[in-house]
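Dock chains B, C and D against the given chain A, drawing on the hints supplied.
Listed here are the chains, written in short residue letters.
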Amino acid sequence: MSDPKIEGFELEKGFRGMAKDTGSDQTMFKGVHWGKAMMWIFLLSDTFVFSCFLIAYMKGRASTPVEWPNPSEVFALDAFGVPVPLLLIALMTFVLITSSGTMALAVKYGYERNRKMCGYLILATALGGLTFVGMQAYEWSKLIHEGVRPWENPFGAAQFGSFFFMITGFHGTHVSIGVIFLFIYCYKVFAGHYDEGKRGWFTKMRGDYVEVEILGLYWHFVDLVWVFIFAFFYLW
Amino acid sequence: MHAGIIFLLVIVGSVLFHIFTPWYWTDIASNWQGMDDTITLTFWVGGGVFVAVCLFMVYCVFRYSYKEGRKAEYKPEDKKLEKILTWATTLGVAALLAPGLIIWNQYVNVPKNAIEVDVMAWQWGWQYRLPGEDGKLGTTKVTNINDENPFGINVDDPFGRDDILVQSDFINLENNKPVKILLRSVDVLHNWYVPQFRSKMDAVPGIVTYYWFEPNKVGEYEVLCAEYCGVGHYAMRGGVEVQSTEDYNKWLSEQETFQDLIAKQQKLEFENKKLVKNNNLILNKDIYKEE
Amino acid sequence: MDETNKKEQPSSTHKIGIYLWIWGLLFVLSFFSYLVDWYQFQGMLRWSLILFFMFLKAGLIMAFFMHLYWERYALVNVLLWPMTAIVCFVALMVAEGKYTLFSRLFYFFVGG
Amino acid sequence: MSDEYENKSGYQAQSSETMTGTGSGVSPDMDYVRPAENPEQDLYHAHSFIEKWVFCQDAKVIGVQYFLTAVFTGVVGLILSWLMRLQLGFPGLAGFITAEHYYQFVTMHGMIMVVYFLTALFLGGFGNYLIPLMVGARDMVFPYVNMLSFWMFFVAVAVLMASFFVPGGPTGAGWTLYPPQTILEGTPGHGWGILLMLISLSLFVIGFTMGGLNYMITILQARTRGMTLMRMPLTVWGIFTATVLAMLAFPALLVSSIMMTLDKLLGTSFFMPTILKAGEVLEYGGGSPILFQHLFWFFGHPEVYIVALPAFGIVSDLISVHARKNIFGYRMMVWAIVGIGALSFFVWAHHMYVSGMNPWFGFFFASTTLIIAVPTAMKVYNWILTLWRGNIRINTVMLWCLGFIVTFVNGGITGIFLGNVSVDVPLSDTYFVVAHFHMVMGIAPLMVIMGAIYHWFPLVAGKMLDEKLGKWHFWTTFLGAYSIYFPMHYLGFIGVPRRYYEMYDSPYMTSGVGLNEFISTAAFIVGAAQLILVFNIVKTMKTGKKAEKNPWKANSLEWYTSTVPPEHGNFGERLPVVHRWPYDYNVPGAEEDYLPQTAAPSEVAHTEVEKT
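Residue numbers (the numbering used here), protein chains in the order written: chain A, 1 to 236; chain B, 1001 to 1291; chain C, 2001 to 2112; chain D, 3001 to 3612.
Pulled out of the complex, with its shape left as it was, chain A reads as follows (with noise of 0.2 angstroms):
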């Protein structure tokens, strides 16, 4: 967010802020609350693992001198009796992008501390979320219903299959963990918890509307892997 004000410390900008702010006693990101640091550093390890996912994922696919399936049929559904390639994955990534503006207006309504506001595009992005899972679960039943297992398949290298499950496995995984934060938070929105600073169920940390910002880094990763995933897995 915009910088912040600290007591006896001059912030600078770009670089030189950088090594200031690295020089500096007692925190290194000023003003960076420790949750969000935390989420910021446990993204960072989880984007290792989504590489490494997509990194055997590419090393797997170009050493097969099998041939690989055409992901635009594979995924193709049919429209109106007229195959569109890609159809439901273009919804599902139009679903998971609304979804992820609608927690980034949440997260500036939690700052505003607008609590009516925040909750309901919390919920309106649980929806999402939830919509997301659901079109994935019918995907899923689709290709396991024409055959496709993650030991086989019937286009083409069999390894198509497992990374498939494997990887958006992982990111549905993903995503449903987000989904249930997010009702949670939503619930927490509403009982006005960051409003007075109710202490959490299971941390006994106060609550604060930096939470919500929280949920919505990862909520927002959620959806970076889903760009990638995306762009190797379905446009290639």
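Derived by calculation from the structure, the hints in this document are not laboratory data. These numbers were taken from a predicted model, which means no experiment stands behind them. Be aware that a few hints might be false.
Derived DEER-like restraints, expressed as beta-carbon distance ranges [stated by the list, open to error]:
hint : chain 1 : residue 1 : chain 2 : residue 2 : range
1    : B       : PRO1076   : D       : LYS3549   : 24 to 30 angstroms
2    : B       : GLU1077   : C       : ALA2091   : 33 to 39 angstroms
3    : A       : GLY8      : D       : HIS3606   : 23 to 29 angstroms
4    : D       : VAL3075   : B       : ALA1098   : 27 to 33 angstroms
5    : B       : ILE1019   : D       : ILE3079   : 35 to 41 angstroms
6    : B       : GLY1013   : D       : GLU3591   : 29 to 35 angstroms
7    : A       : GLY192    : C       : ALA2063   : 28 to 34 angstroms
8    : C       : GLN2042   : B       : THR1245   : 52 to 58 angstroms
9    : C       : ALA2091   : B       : PRO1076   : 36 to 42 angstroms
10   : A       : PRO154    : D       : PHE3363   : 18 to 24 angstroms
11   : C       : TRP2081   : D       : GLU3591   : 41 to 47 angstroms
12   : C       : VAL2028   : A       : VAL84     : 17 to 23 angstroms
13   : C       : LYS2098   : B       : ILE1019   : 44 to 50 angstroms
All residues carry an ideal CB built from backbone N, CA and C; glycine is no exception.
Relative to the frame of chain A, chains B, C and D by itself:
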């Protein structure tokens, strides 16, 4: 005080051990003298650093061990000294790296006149295939392997027909002739390793890996598997005999080719059929007799 | 003592317009990358377009939705530099993949 | 609920105070430290025995829990190594050690020692205990998550140990778990054993991520006033950098574990090519075993530094304290740690020179690998230059440090052999490799751990360990371990391959039989010598001398807590304010031979302090 003495003894002992050790590398029998030389060079440089650093440490222990009231030097940094040490180390490291890279360059670039030897590994054994008169090996496939075609050679590949098959874990090589080892595995990782040749490479199922060497000493050597491959790893031995050109050619001419194998099997099959026919005839005759 | 009361709220939040803009842009870019498939561009053109739209989308999400654009450089740099390890890994695995494929096509018939 | 948080004796909020210390005759302005950025942390004080010792949220207790659990696994690993050495030195003597068992011992020993013992001990044990104390924090930033981290680790260890009791026994695939053999028949424990191993590793990664986030954020965001990054003790730098490496490297392990689990359970073929086994073609095809190796070593090489960097950091502190001299070239030391850490992500395939990967990678990885030798060598120079012109206490702690220098330099130099691609060809997969990595990441870090135990025991337990027993412990361990691994290199020169259950009458080994017997005997002695430490601890706890506060006259903050051992919250009412680096020993003009980090500039205005 005694601490310094013991450390000193450890360093001196290490050097003496190195000089008088009865355990050192097995005599080299290939062209990779360069590897040994680089090791020796690294030994001199690295060993020198080791001895110097440890002796300096021992000196400090002797000279600066605790005395009440002594003032230690207070000097947080010495830019000049640090710079000198950095550059000296960098130079030393570069000097060690250069020969390493040069030899690696030779290692990955196989000479044109090298004979290809297909080494096929499985749990837990070896067998070998040499190119026939056309000088080329035929392509293979794991799923082709069966009793009639133990190497899984592509029957339609014209290069594969005259391939010489050695169905034994023992192979002969020609002295002073570069060999390109093509490694192939049908199940798990293996590694065809002869300590005297210094070189090795894993056999990886799913791809073919290679390395080369030129044996230059006639004799018999043991082949070891150098990549853990399951419970029989330690027992996965083979042998190689380096022979003079005449002996080698004689040995080579006694080996059977893929064509021979097919022919033999066809003959066998034919004879089996004939046998059955004859039996039937005899049987029939007997029946006639009884009638 | 009391974290909530002591904590300063961010002095200004961003105008809603910027979020809506980025949101719209993301839809448009997604649509474009979809069109890449629709028109079945092939070869280098396809690749460069896919990667271009991908990085643009990823960048927008990170910069604005995740507020990285407004964060201080210390955080931004800590997050982005480790990606060089990933880039190195990707580059080497491209080479490795090609090498494996070559080996399979050259020595085996129809794969390993 | 809120009463649990009532601040113990009312900690002062830091921000209300801006000035510390009033120097006599000197302007107090020079002691100005700006107000605190972070609000005072609330701590959840334990109310019952279970909350205090079992599900505890105090990083110090969690550190001890980590330490004890890791030591337990380490003892298991030690016993396994005895059994292995029994077979290698005296084949056939113990009839129950079959080849299957031998390979299971090898695998479990390796995995336990690298991951569950050393990593957990350094980061979980020392990290948890020392980070908050050394940076001047009340606790880790997320105590609850920290607690979960330990219990996740505990479950991981339990799952790992459970694999000893499942049908087929633990996996015997080698600690590198290379497919395809890992999950195929012909390898011991290819059923339950490998599954439990993979599950345990995944749990470990998840648990570690929780802990690692804590360590990182505590160091980055919760330092006390005046504690800049460049005033942190090198211990913290080492642990911090190792944690960063772990956060970025463990994902690769997690991914490869997941993929291999799928290969095993669902029959996917990520790492499995077409395989012919006992005349039958298995239902695998198209996968790449080398891909696993890349993923594994992308984790595995940083893992080496995850173990080594905390050891580097801790040993720097120990040497400086006990040589009564500032660490030489502090900035160089920090940059070396960070540089080694960063480079460690670009060198992984030097473990794979003969793995059949793209041969051209050899050039790239040999170069990057040998570049690492430069910062590492600089660290060694700086350690011995710290000794130079010092005032060295030759006590047990210092002996362990000296032992570390000898073994580390030895192991580091054999590393140059193995990193230099073509030199590696004849030596890889031989006992040279075994000797190298045991020397450099087994014995050397172990020396540091032992030194650290003797150094910080007074802080943790409040009593001084016996010096005489300590010296006996050191000399048996050091001389024994050195005589195990130094001659072992020469077995590698002969060409003896590693992971051989038995050499039979192989011509390479006939000359090495005596050597093997010697090594085994030394290994038994070294293992047994660790009982001296156990005895020492028991004796000290019963009858030992009570430790005074700051017995070593050290500067860093962990010795300036309100009580010894430190209580929950560490520093009593007011957090310390830091004015200098922790290495001001023997400053000219100062009365004592040490200046605590908290000494204000006005107090030391008459001395010739250079570095702050």
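For each hint, the structure was consulted:
In this structure the hint that PRO1076(B) and LYS3549(D) lie 24 to 30 angstroms apart at CB holds, the actual value being about 27 angstroms. Between GLU1077(B) and ALA2091(C) the beta carbons are some 38 angstroms apart, a value that agrees with the proposed interval 33 to 39 angstroms. For the hinted restraint 23 to 29 angstroms between GLY8(A) and HIS3606(D), the CB-CB distance of approximately 28 angstroms keeps it satisfied. The given range of 27 to 33 angstroms is broken by VAL3075(D) and ALA1098(B), whose C-beta atoms sit roughly 46 angstroms from each other.
For ILE1019(B) paired with ILE3079(D), a C-beta distance near 36 angstroms keeps the hint of 35 to 41 angstroms intact. The hinted range of 29 to 35 angstroms is not satisfied by GLY1013(B) and GLU3591(D), whose Cβ atoms lie roughly 44 angstroms apart. Against the hinted window of 28 to 34 angstroms, the Cβ-Cβ separation of GLY192(A) and ALA2063(C) comes to about 32 angstroms, which satisfies the hint. Hint check: GLN2042(C) to THR1245(B), Cβ distance near 55 angstroms, so the stated range 52 to 58 angstroms holds.
A hinted range of 36 to 42 angstroms holds for the C-beta pair ALA2091(C) and PRO1076(B), which are about 41 angstroms apart. For PRO154(A) paired with PHE3363(D), a C-beta distance near 43 angstroms fails the hint of 18 to 24 angstroms. A hinted range of 41 to 47 angstroms holds for the C-beta pair TRP2081(C) and GLU3591(D), which are about 45 angstroms apart. Distance hint check for VAL2028(C) and VAL84(A): the Cβ-Cβ separation is about 19 angstroms, which falls inside the suggested range of 17 to 23 angstroms.
A hinted range of 44 to 50 angstroms holds for the C-beta pair LYS2098(C) and ILE1019(B), which are about 49 angstroms apart.
Violated hints, listed in ascending order, are 4, 6 and 10; each of the other numbered hints is respected by the structure.
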